[in-house]
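**Student:** Taken in sequence, the protein lines are chains A, B and C. The numbering of the first sequence is the working numbering, which starts it at 1 and goes up by one. The numbering of the second sequence is the working numbering, which starts it at 1 and goes up by one. The numbering of the third sequence is the working numbering, which starts it at 1 and goes up by one.
Since the hints were derived computationally from the structure, they do not count as laboratory data. Beta carbons: idealized from backbone N, C-alpha and C, even for Gly. The reader is advised that the hints may include incorrect statements.
[Said to hold, decoys possible] Derived CB-CB ranges, DEER-like:
(1) 146/B x 80/C: 48 to 58 Å
(2) 73/C x 155/A: 48 to 58 Å
(3) 38/C x 206/B: 20 to 30 Å
(4) 148/A x 215/C: 52 to 62 Å
(5) 83/A x 73/C: 50 to 60 Å
[Claimed, not checked] Interface residues of chain C toward chain B, partial, derived using beta-carbon atoms under 10 Å:
(6) 121
(7) 123
(8) 130
(9) 133
[What the hints assert, rightly or not] Selected chain A positions facing chain C (in silico; Cβ < 8 Å):
(10) 40
(11) 51
(12) 80
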Amino acid sequence: MILRFLALLLMVWPLAARAATVAAAADLRTTLPALAQAHEAATGQRITLVFGSSGNLAQQAMNGAPYDLLLMADAATAQRVVAAAPGAVARPYALARLALVVRPGAGVRDLNGLKAALIDGRVRHLAIANPAHAPYGLAAQGVLASLGARAAALPRLVLGDNVAQALSFVTSGAAEAGLVALPLARQAGGGLSVVPVPPALHAPLVQTLVLMPRADAAARAFAARLTGPQGRAALRRAGFGLP
Amino acid sequence: MVEGLTLALTQAGPLAVSADLHVLPGQTLALVGPSGAGKTSLLNAIAGLVPAVGRVQVGDDVWQDGRQGLPAWRRRVGLVMQGGGLFPHLDALGNVMIAQGRRDADAALALLAAVQLDGAAARRRPAQLSGGEQMRVALARALAREPALLLLDEPFAAVDRPVRRALVALVAQMRVMSAAPMIIVTHDLEDAAGIADTAAFMVDGRIVEQGPHVLADPESQLGRWLNG
Amino acid sequence: MIDADLTALRLSLALAGATALMLLPVAVLLGHWLATTRWPGKPLLEALLLLPLLLPPTVVGLALLIAMGPDTPVGRAWAALTGGRLVFSFAGILLASVLINLPLAVQPAVQAFRGVGDDLRRAASSCGLSPSRAFARVDLPLAWPGLATGAVLAFAHTLGEFGVVLMVGGAIPGETATLSLTIYDRVQAFDMAGAVRLAVLLAGVSVTAVALLFLLGRKRG
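Only chain A is shown next, with the shape it has when bound in the complex:
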């Protein structure tokens, strides 16, 4: 009797305890937790969130990390995962928006003022994500090019590992300004002024989700919620564009 009960428990327990693991790019840090909570409340399914840089998370997924759903900040990284994991499916879920964040003392009111401030040294350090691997870094470089400020910015650039760390360079007071993700910038506080960057100033950054082959019903349901009306509304409120 007891043995049969234990056997039953062992069969059922993994299913009951299994939570869908969602690995998300750092720019979703302020948006995703509320959405996951709402999903848990509505469905009883459990969602575990992991945040990191898109590159890192993709590497981990390709090397067997138990992620069910990846939310990447760009399309290229997502395509890499799909190519490496047969059966994985990619789908766009949002368009990234950037913002210029400026510390109070730097005297930069808008994007046009940035170039002058870079040249005259009011902005000694401009923080962006590392363009070598972070999608937001690449987009930030695009913005600087569109503003004609690429050469002026070059000696001033400091690179964060990901977009959240780039923002922390500014919030800590170490850098005067940064080009970071708009949703994160809005939540930063600390008297920083936040200037949204028009999407036309950089190549579109198509945030792309990847449903891994191992994804179960909970992960698929959460992906559907993210791309459905509820998710779209939450993403728009946070400052993302929509595909």
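On the provided structure of chain A, position chains B and C as indicated by the hints.
**Tutor:** Leaving out everything else, chains B and C in the frame of chain A:
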């Protein structure tokens, strides 16, 4: 002109020690007593290595007066510590030369020769020397400073009988090389009798008896301690 | 090997070497003092000195990032002195590196000076050596192996250090982008070949440099 060592010293601390002693130039005082009596503490206090209160005067030089005292390195003392206290990173020659006022290798080699260590031994480090040889180096080092006072702390304790006899002879011979008053700590009366002119008997941190007669008198407190 | 590899390698070696060199006098003075003092606050100070090892690098890095900012007293003093900035500069990661390696350099020094012992210090002063001469001729030569060990540990740890430099460096090539940081960036950019090439380089250089330092330490000791 005050001759020799005059001492009236009290040392607090873990073991309270107090002593009044007078040792003349060329004279050797054997400081005898049971272990734990404070003999080493007294020597360290005289050398200025531990704080003490009182008066230490050697010739006309006042080393200590009340709480004021010269730092240890300015007291011209030749100290032979228990076990020798040689510097392990220096060879025998280096150990002697480090104590010289002016570095003089020839003089140091002569000192080593006087304690019967040849040029080959002079190049060895303490770890390569026997216990008896280490004590010889320590004796030579104590003389190298041209000391005004010689303090020897159980120089024969760590060596066996034959070596011990040779060392005792050597210490007796040191009297030829240095006229400084000498205090030698020992708990062996036989050793003491071979070298010392006078003795002091120390018990529980105090000198209870002193004078030349202490060495020979079986009815003295020292004599009774030794026989009882 | 490409230029970027060499730039990162040169920077890492310069940072590790400068860290070890700057820590050596600190370890000598602090180690000797801690080994000989009877000051009652010593255990607390020794515990504080271990703090960089007790805290995760990100915490230390964040604290330094905030402390070295241009508007802090430290940042302003540095600007007044040099006209430059401490954050995102070589001087900044060097300062961070010196601070986080403090326990690695000082602890072996404390043990080494403690090992010299009171007896030999007494022997030195009874040989007429003034405190400074006793320090130079007895303490220092006897403690040298411990000091060398500390310097080698600091050197090796700096070559491999990642978290703190990531937090305060800003990954500027030739200025703050160290070898270990560059490896991490390559991995993230899916440049596995480049990452492996640098990793092998780092391992080879570290082992060689540390072996040389040990050899040097043994000859002197």
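**Student:** Taking the hints in turn, state whether each one holds.
**Tutor:** Here is what the structure says about each hint:
For residue 146/B paired with residue 80/C, a C-beta distance near 55 Å keeps the hint of 48 to 58 Å intact. In this structure the supplied range 48 to 58 Å is violated for residue 73/C paired with residue 155/A, their Cβ-Cβ distance being about 26 Å. At about 28 Å, the beta-carbon gap between residue 38/C and residue 206/B stays in the expected band of 20 to 30 Å. Between residue 148/A and residue 215/C the beta carbon distance is about 56 Å. The supplied range of 52 to 62 Å therefore holds.
The hinted range of 50 to 60 Å is satisfied by residue 83/A and residue 73/C, whose Cβ atoms lie roughly 52 Å apart. Restraint check, residue 121/C versus chain B: the minimum CB separation of about 9 Å is within 10 Å; hint holds. Evaluation of the residue 123/C hint against chain B yields a held restraint, the C-beta minimum of about 4 Å falling below 10 Å. Annotation: residue 130/C was flagged as interfacial toward chain B, and the flag holds, the nearest CB pair being 5 Å apart, inside 10 Å.
Taking 10 Å as the C-beta cut-off, the interface hint given for residue 133/C holds, the closest approach to chain B being about 8 Å. Interface hint at residue 40/A: violated, since its Cβ lies 29 Å from the closest Cβ of chain C, which is beyond the 8 Å cut-off. Taken as an interface hint, residue 51/A does not check out: its beta carbon lies about 14 Å from the nearest beta carbon of chain C, beyond 8 Å. About 7 Å separates the beta-carbon of residue 80/A from the nearest beta-carbon of chain C, less than 8 Å, and the hint is met.
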